[in-house]
Amino acid sequence: MSGVAVHLEGLRRTFGTVHALDSLDLEIAAGELIALLGPSGCGKTTALRVLAGLEDADGGRVLVGGKDVTRLPANRRDMGMVFQAYSLFPHLTALENVEFGLRLRGRRRVPGRAAAMLDLVGLSTFGDRYPHQMSGGQQQRVALARALAIEPAVLLLDEPLSALDAKVRVQLREEIRRIQTEVGTTTLFVTHDQEEALAVADRVGVMRAGRLEQLAPPAEVYQQPASAFVADFVGLSNRLPGVVADSSITVLGTSLPLVTPAPAGPATALVRPEAVDVAPAADGEGSVLTSSFLGATSRVTVTVGETLVVAQVASGLLPSLTPGTAVRVTLQPVPVALDVSVN
Amino acid sequence: MADQAVAAPRRKPRGTALLGTVPFFAYVVIFLIIPTLVVVIGAFAGDDGGVSFANVKALTNGYILDAFGRSITLSAVSAVIGAILGALLAYALVTSKAGGTLRRVVTSAAGVLAQFGGVTLAFAFLATIGLSGFVTVWLQDHLSIDLYANGVWLFELPGLILVYTYFQIPLMLIVFLPALDGIRPQWREAAESLGGTTWQYWTRVAGPLLAPAFLGSTLLLFANAFSAYATAAALVSQGSPIIPLQIRGALTSEVVLGQQNLGKAMALGMVIVVAVVMALYALLERRTAKWLG
Amino acid sequence: MAGVIARRHRKQRIFRWAVLVVLGIFFLLPLAAMVEFSTRNAETWPLLVNWPKLSDTYPDLAEGIVSSLEQAALTAVLMLVLLVPTAIWVRLRLPKLRRLVEFLCLLPLTIPAIVLVVGLAPVYAWVTYFLGGSSLTLVFAYTILVLPYAYRAIDAGLSGIDVKTLAEAARSLGASWTTVILRVVLPNIRSAVLSAAFLTVALVLGEFTIASLLNRTNLQVSIELLGKSSATMSVAVSLAALLLAFVLLLLLSLAGDRRRSTKENS
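Chains as they are written, first to last, in the numbering used here: chain A, 1 to 343; chain B, 1 to 293; chain C, 1 to 266.
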């Protein structure tokens, strides 16, 4: 186990009147990969930069392996960092970039260390290329190799995939996960892409206004969002009117358990499209409005009275769900969150 | 569809499309190409109109070589001083808030001051450190310092260097600032997170990255000073220490026959120096664009 | 608490102000000296703003001022007429010629004015033969002189819009090429054209080399002449000319800033 535990304690940071970090607490276990997820301006990047030492905190402490590094400058914190883009030194080749940190440390160059790192990211034959001769994805791989070459205590990834094409993005995130598991470095991964966060992380932290709304394994964040904000930000949700009674909510005639208790009365439930089943039925109360083919699954919009419901269905069902078809809508009894912003 | 619409007429009347550029090309030929050729051909023409290398050979005369030497010294010294001070100023601006008032005001002022040459600049310095200039008189009256105790250097090479610096620094700011802007903050942060100190960042990352731009800008400043005429002409009325003033002498003295073509030879010499310098500049600029574009 | 980053910012701020103050003194001192020098004689400035009296006292200076203003205006017009249609036309119909046009336009940067004068002398013998020796004929040389700066401004303007698509759209609607250039492209590069014109005016007002050596007159030539007889007046006029150039170029750079910022906002 090469990783060390990281502890952010009550970090505060304000820019003017904006609280970028509002007493943020976060514990990362040794060797764990935590993804910080949230909309832009939620403070996730600030959290990462404070941990890196690239930004001052107004208050709070940063502990790495139990040692307080709050007052330590960035170059003595022993962190490997991968930036959004364009962070490779343009006057150095890929190999020289990877060697950079090793040389700075005056460490006699471990023979083959840099080459081995390039090999790890699958670019062993690209050593003498300059950054401008490589694609964005390749550049990010080199940046990852460079960050890992110094065997950092912590690996920091600041939206490393957001400047890449969708296909490369998926490929590279799988690879980041593989490499991180292999080297076992404690990792903080900041992203605004929920799919990315869910795919790579051991635990996902959803941030809002400088605080953590929820910190949990990906499946839990998705299936049992701690708040309406999380439910809304992670994945697509239907907003369906219902009535709360006895820690459950009745929506479209179905009683659904609540994630968090709520006072009785009318409320809006956030229901995932995949928790909605649609079947043709002559006496159904719903009517198909639109249907769109998305590949393995398809999406159908149904009107039920005044309410619009989006459902995810198997693509095989699509021919029977042409617009205008009368359908019956049923909800699967999975726990749902309430949208508090509307009430 | 749209492609065809434009492509079709292009294939047909190519000649008429060319016609549209005739005024421009004709004008440039008459007022730029012909004068250039006059200089080049004239440099190799004898007084009788035949081919002659006498003018080019005359360039090796002691007084002309000296003038070239002084021109190069003046240009090099003012370029290096201007480049260093201008780069410091540019760095000072880059560390200020991007798009802030300070930066806008200083770059705008630099835009004006870089063009501020010639007669007005010469007179500005006469008013400042001329024999009865503001600073000269003040120093004399208040501190009993005689600026010109060792001779009046304002009208000689040291004076020209000082005056030239006045437009070299702003020019450096203008041409060097884009390169500094091209330095991404990520590079500093990456260097830091990899364990680099500030010194290591400057010597291993920023230094090598900025070197071509700095060198290129210095060359541009050199060419700028080398080509300058008006400032020196207004300041120096006696003698012709530098090449542009030698050319003035050759142009205005119609007494000595053949001087006209000697002027052309000196002009050709200037063009060659400037062309070499500008070619090097373009080379370095391309490297900069690749790294910092 | 003052963190590591805050400390670095403070160091940078100290460095910034140190550099700005030292260089600020260097750059402002000559300007202040000009003010001081030109006010030594109380009559100088009142005379400078009293045009009838000025042209009476210093006829050469008055002639120089008028000449320079005329040259500036005519050069701007000639430059625009010559360059704008050509730049647009080459982009639209003759893209292969673009490098050549660019090369020719930037060529004057490598030919010092003093060298150009040497070559222009015989050409101007013909100009004088056909058009006389008026100082206005300097406009021909000045148009070449401002070519690099004007070309860059206009080229930047054209790069900022999609000339080709605009032209194709207009052509498909039945516009003639003249209409395309005058009513479609030109309005879209208005600010670039304005920049080019401003730069031209500023450069022409500061020109000395060619006018002086071709024995014609303009503002700078007359200031230099004046320096030999009335130092105070010549410094005053220099300062006034400088302030005028300041205002012109400041307007120009502010207009440029606005153009950039509106682009960023959209």
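Think of the hints as simulated: they come from the structure by calculation, not from any bench.
Quantities reported herein were computed from a predicted structural model and do not represent experimental measurements.
Think of the CB as a built atom: it goes at the ideal place given N, C-alpha and C, for glycine as much as any other residue.
Treat each hint with caution, since some may be false.
Unchecked claim - To list a few chain A residues with every Cβ distance to chain C over 12 Å, as calculated:
| id | residue |
| --- | --- |
| 1 | Asp56 |
| 2 | Thr70 |
| 3 | Leu120 |
| 4 | Leu215 |
| 5 | Val244 |
| 6 | Pro280 |
Stated by the list, open to error - Distance windows between CB atoms, simulated:
| id | chain 1 | residue 1 | chain 2 | residue 2 | range |
| --- | --- | --- | --- | --- | --- |
| 7 | B | Ala76 | A | Arg12 | 53 to 61 Å |
| 8 | A | Arg129 | B | Gly69 | 44 to 52 Å |
| 9 | C | Gln12 | A | Arg76 | 44 to 52 Å |
| 10 | A | Ala116 | B | Ala76 | 17 to 25 Å |
For each hint, the structure was consulted:
no. : hint                           : verdict
1   : Asp56                          : violated, 3 Å
2   : Thr70                          : violated, 8 Å
3   : Leu120                         : holds, 32 Å
4   : Leu215                         : holds, 26 Å
5   : Val244                         : holds, 45 Å
6   : Pro280                         : holds, 48 Å
7   : B:Ala76 x A:Arg12: 53 to 61 Å  : holds, 55 Å
8   : A:Arg129 x B:Gly69: 44 to 52 Å : holds, 46 Å
9   : C:Gln12 x A:Arg76: 44 to 52 Å  : violated, 20 Å
10  : A:Ala116 x B:Ala76: 17 to 25 Å : violated, 49 Å
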